[in-house]
Amino acid sequence: MGVLVHENFEFIVQGITGREALNFTRECLQYGSKIVGGVTPGRGGREVYGVPVYDTVREITAKRKVDGSVITVPAAFAADAALEAIDAGIKLLVIITEGIPRRDASMLIEYATLHGARVIGPNCLGVIIPDVCRFGSLGGPAVDCRKAFKPGIVGVMSRSGGMTTEICNALSAAGLGESTAISVGGDPVIGSTYSELMPLFEADPATKAVVIYSEPGGSSEAELARWAKENESRLPIVAFVAGRFMDEMPGMSFGHAGTVVDKKVDSPADKIRRMREAGISVADDIGDIPRLVKERLAGAGA
Amino acid sequence: MRFYESETKKLIARHGVGVPKSGVARTPADAERLAGELGAPVVLKAQMLAYGKARSDTVRTAATPADAAKVAAELLALDDGGRKPAGVLVEKRPAATGEWSLAFTYDGTAKKPVMIGAAEPGNVEDIADRDPSKVVRRHFSALVPFSDYLAKEMVVALGAKSPDVPKMTAAVSRLAQLFLRYDLTQLDVFSLGRLEDGSFVAIDARSDMEVEGRPRQKAILAELGIAEDDRRLVREPTPFEIEAAKIDAEDPRGVAGPVVEFDGNIGLVIGAGGGSLTLTDAVRRVGGRPANYAALGGNPSVRKAQRLTKLILSKPGVKQIAVMSNVVSNTRADLVARGVIKGVIEAGLDPAKTIAIFRVPGAWEADAAKILEKYGVEYCDRTVSISEAAKRAVDKIGR
Amino acid sequence: MAMFIRVDVDQAVIRKTPGLAAKLAESCPVKIFKAAGDGVDLVEDALDECTLCDLCMQASPEGVKVVKLYEG
Ligand code: SF4
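Here the protein sequences come in this chain order: A, B and C. For the first sequence, our numbering gives the first residue as 1, with consecutive numbering after it. For the second sequence, our numbering gives the first residue as 1, with consecutive numbering after it. For the third sequence, our numbering gives the first residue as 1, with consecutive numbering after it.
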């Protein structure tokens with residue numbers, strides 16, 4: 001099991017002929033993912049690693065079912081690409097593109113919601129169920145990806161794509177493995193927040209615990225804390241908040257676009273307090289995450 | 001990107017919402033003249049970008065033009081994150097019969113723009129902190145054009161008297177529209193005042209434009225006279241930081257930045273994004289003092305890593321560096337290894353002694369290992385956690 | 001000065017195949033080859049940028065050899 005994607009998940013790549021897209025398309029194919037088409041206007045009729053390229057999304061959806069799309073077009077065209085995919089009936093979008101203004105992000109997410117589609121990202125690397133389906137560019141080359149991600153019991157959500165791999169690597173090394181890992185995106189406005197994804201993990205029999213990687217900025221940790229208090233979740237949650245040094249530097253942005261301490265709710269100290277109050281274990285040291293997960297699992301079983 | 005209050009008010013006035021009569025003084029003499037023209041008493045506001053300055057320090061009143069000159073001299077001498085203020089906004093403060101506060105921003109939970117208001121002047125966030133019941137929140141849409149009724153419901157909820165509703169609605173609606181139109185991430189009107197004649201005026205205001213929105217906001221930025229390279233950081237970049245930004249800009253492959261200077265002794269060449277946040281914390285957690293924050297990501301060229309390394313080693317007090325990253329996927333460990341070793345050698349130092357630790361697991365790590373072995377550099381793989389690597393670096397370089 | 005990568009080129013082999021020099025110049029992602037007549041010049045400054053993509057050696061298995069100076 002796992003969430004969002006599955007063994008027969010078939011997706012397309014919008015912007016498939018870009019430098020990074022070429023890379024992860026090949027990596028996904030090597031990993032065993034089913035990429036059924038790509039879109040780059042002006043390049044219709046070509047092939048990329050055996051994947052046919054079209055000018056429009058509809059040319060693909062007219063012929064076959066498409067479960068998802070990875071969007072990697074430049075920021076100025078990203079909203080347009082997302083609307084195209086949504087109108088063509090695609091229900092799950094991973095938007096890798098960085099630097100999309102939040103007005104556009106908010107606009108396209110509202111449009112997706114009205115059409116029953118879900119957005120992961122922007123500014124994310126996507127979703128992976130280890131050894132089953134990789135939807136996006138998590139983990140790099142297939143051999144490295146297999147080293148870091150192993151099938152297992154932890155649902156992982158992370159605002160940083162790179163740290164998704166780092167944390168999963170540690171969970172895999174500790175013998176826990178991952179049920180599904182989701183890079184949710186580092187922007188201030190993203191399509192799916194922790195608390196919106198929690199019910200999916202809650203309903204997934206493979207998931208026995210959840211690990212969250214978070215950063216300064218935004219209210220999604222406060223929202224997760226509220227969710228945890230209001231719902232009697234069967235899943236223990238372990239969180240880590242990076243960027244504690246930023247508390248001393250209000251107004252400066254580090255790491256990701258959404259990472260800034262401006263308001264009180266942005267600050268790591270505030271996030272940690274709220275999450276702990278809601279019964280979420282917060283690791284002070286990134287290396288403690290696997291141990292805390294094991295402790296919480298043992299506690300839950302007792 | 002933060003606007004000065006004078007600029008925010010130009011945006012507001014451009015959209016048909018009243019603002020106080022004002023002028024920007026660059027010198028005390030300017031301020032004296034403006035105070036004379038506007039008619040004392042006047043309010044003087046230092047035009048600053050830095051966060052966290054007490055309002056009582058940056059906003060003052062002057063009873064006479066001579067007084068205005070004196071106050072302006074003091075305000076112009078304030079420190080604004082390493083700069084001087086960009087001038088003093090001299091305003092004739094209108095007499096208000098009622099005041100409200102408003103804020104427009106994005107709500108990451110609802111993923112929509114939101115307007116927040118209270119029936120008293122001030123910072124709405126602070127008012128909400130003190131007493132949430134005083135605050136009215138209303139989401140709007142970035143998809144559907146802003147509709148006046150949203151503003152109308154807001155002003156009614158904020159206790160506007162019925163005869164005032166049309167004009168106040170128009171003011172709030174225009175503010176919401178300009179918030180969207182100019183890609184603002186935050187628009188605060190600390191005081192929206194109702195004047196004797198029933199009109200509404202934005203008395204105190206502040207706004208931020210999204211950096212990512214700048215490319216499509218060139219026209220308005222030009223109109224405000226803001227140069228493309230005016231980054232409007234809350235703290236003036238140091239020469240070290242400016243040099244780092246140059247290194248990044250000269251080569252499109254990968255990113256090296258932002259680079260921020262601290263006053264410690266441990267040079268950091270670290271992976272980008274969340275990895276850099278985690279690593280900086282990890283170094284500090286074990287008592288280390290980073291000399292800088294850096295983020296080397298994407299797939300940087302060897303030269304970029306080389307120049308960044310050399311720059312960090314040029315900082316007084318930095319004798320050693322730690323090269324660390326989360327498990328990388330598109331950044332290549334071998335190219336980073338080549339770059340940092342070249343940078344160290346170019347700085348006239350020995351890689352084996354200068355690179356305290358190299359932990360960049362992931363893509364091409366086997367080649368990286370061979371390179372590091374040849375130069376005698378201590379390295380570790382993914383079995384050594386970020387925290388452990390940081391600890392080893394700090395133990396070696398010293399606290 | 002290159003510290004990590006050496007590229008050995010057999011100019012005689014390159015000259016034998018028309019268009020090979022141009023192809024090498026075009027296919028190397030970090031522009032290590034510069035066509036010079038029928039042969040190629042190496043851009044010394046770019047050698048250490050080599051990504052080991054092997055495109056040059058695929059283009060001319062006989063004429064080009066990329067050597068990792070940090071091996072052996
Ligand atoms: S291996 Fe690739 S990068 Fe290196 S010289 Fe050959 S073509 Fe250029």
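It is possible that part of the hints are untrue.
Lysine-lysine pairs mimicking DSS-like chemistry, simulated, CA-CA at most 30 Å apart [to be verified]: (1) K264(A) to K10(B); (2) K264(A) to K53(B); (3) K112(B) to K263(A); (4) K374(B) to K23(C); (5) K31(C) to K246(B); (6) K68(C) to K310(B); (7) K264(A) to K112(B); (8) K16(C) to K374(B); (9) K310(B) to K31(C); (10) K65(C) to K374(B); (11) K134(B) to K263(A); (12) K229(A) to K92(B); (13) K263(A) to K53(B); (14) K31(C) to K370(B); (15) K263(A) to K10(B); (16) K68(C) to K370(B); (17) K370(B) to K147(A); (18) K34(C) to K147(A); (19) K263(A) to K152(B); (20) K263(A) to K84(B); (21) K370(B) to K150(A); (22) K112(B) to K91(A); (23) K65(C) to K370(B); (24) K246(B) to K34(C); (25) K310(B) to K263(A); (26) K34(C) to K310(B); (27) K65(C) to K353(B); (28) K353(B) to K264(A); (29) K134(B) to K264(A).
Cβ pair distances, simulated, as ranges [what the hints assert, rightly or not]: (30) P205(A) to A366(B): 30 to 40 Å; (31) R14(B) to A22(C): 53 to 63 Å; (32) E346(B) to R6(C): 37 to 47 Å; (33) R130(B) to P205(A): 43 to 53 Å.
To be clear, the hints were calculated from the coordinates, so they are not data collected in a lab. Think of the CB as a built atom: it goes at the ideal place given N, C-alpha and C, for glycine as much as any other residue.
Hint-by-hint comparison with the structure:
Distance check on the hinted pair: K264(A) and K10(B) sit about 29 Å apart at the alpha-carbon level, within 30 Å; holds. Simply put, K264(A) and K53(B) have alpha-carbon atoms about 16 Å apart, close enough for the 30 Å limit, and the pair holds. Simply put, K112(B) and K263(A) have alpha-carbon atoms about 18 Å apart, close enough for the 30 Å limit, and the pair holds. Distance hint between K374(B) and K23(C) is unfulfilled; the C-alpha atoms sit about 34 Å from each other, more than 30 Å.
Of the supplied pair hints, the one linking K31(C) and K246(B) holds, its CA atoms being roughly 22 Å apart against a limit of 30 Å. The hinted pair formed by K68(C) and K310(B) meets the criterion: a straight-line CA distance of about 24 Å does not exceed 30 Å. Annotation: proposed proximity of K264(A) to K112(B) holds, straight-line Cα distance about 20 Å (limit 30 Å). Restraint check for K16(C) and K374(B): not satisfied, since their Cα atoms lie roughly 38 Å apart, outside the 30 Å limit.
Between K310(B) and K31(C) the alpha-carbon distance is near 24 Å, which keeps this suggested pair within the 30 Å criterion. For the hint linking K65(C) to K374(B), the alpha-carbon distance of about 21 Å falls within 30 Å, and the restraint holds. Using a Cα cut-off of 30 Å, the hinted pair K134(B) and K263(A) holds, with the two alpha carbons roughly 18 Å apart. Simply put, K229(A) and K92(B) have alpha-carbon atoms about 50 Å apart, too far for the 30 Å limit, and the pair is violated.
A threshold of 30 Å between alpha carbons decides the hint, and for K263(A) with K53(B) the separation of about 14 Å falls inside it, so the pair holds. A C-alpha spacing of about 25 Å is found between K31(C) and K370(B), which places the hinted pair at or below 30 Å, so the restraint holds. Among the hinted pairs, K263(A) with K10(B) is consistent with the structure: their alpha-carbon atoms are about 25 Å apart, no more than 30 Å. A hinted pair counts as satisfied when its Cα atoms are at most 30 Å apart, and K68(C) with K370(B) qualifies at roughly 10 Å.
For the hint pairing K370(B) with K147(A), the CA-to-CA distance comes to about 20 Å; that is within 30 Å, so the pair holds. Pair hint K34(C) plus K147(A) does not hold up; C-alpha atoms about 39 Å apart against a cutoff of 30 Å. Restraint check for K263(A) and K152(B): the C-alpha separation of about 27 Å stays at or below 30 Å, so the hint holds. The hinted pair formed by K263(A) and K84(B) meets the criterion: a straight-line CA distance of about 25 Å does not exceed 30 Å.
Restraint check for K370(B) and K150(A): the C-alpha separation of about 27 Å stays at or below 30 Å, so the hint holds. Of the supplied pair hints, the one linking K112(B) and K91(A) holds, its CA atoms being roughly 20 Å apart against a limit of 30 Å. Distance hint between K65(C) and K370(B) is fulfilled; the C-alpha atoms sit about 19 Å from each other, no more than 30 Å. Restraint check for K246(B) and K34(C): the C-alpha separation of about 28 Å stays at or below 30 Å, so the hint holds.
Taking the CA atoms of K310(B) and K263(A), the gap is about 36 Å. The hint is violated against a cut of 30 Å. Restraint check for K34(C) and K310(B): satisfied, since their Cα atoms lie roughly 29 Å apart, inside the 30 Å limit. For the given pair, K65(C) sits about 33 Å from K353(B) by alpha-carbon distance, which is inconsistent with the 30 Å threshold. With a C-alpha separation of about 43 Å, the suggested pair K353(B) and K264(A) falls outside the 30 Å cut-off, and the hint is violated.
A threshold of 30 Å between alpha carbons decides the hint, and for K134(B) with K264(A) the separation of about 18 Å falls inside it, so the pair holds. At about 38 Å, the CB distance of P205(A) to A366(B) agrees with the hint of 30 to 40 Å. The beta-carbon spacing between R14(B) and A22(C), approximately 56 Å, falls within the hinted interval of 53 to 63 Å. Look at E346(B) against R6(C): about 19 Å separates their beta carbons, and that is not inside 37 to 47 Å.
Under the hint 43 to 53 Å, the C-beta atoms of R130(B) and P205(A), about 46 Å apart, fit the expected range.
Hints 4, 8, 12, 18, 25, 27, 28 and 32, counting from the list given before, are not met by this structure.
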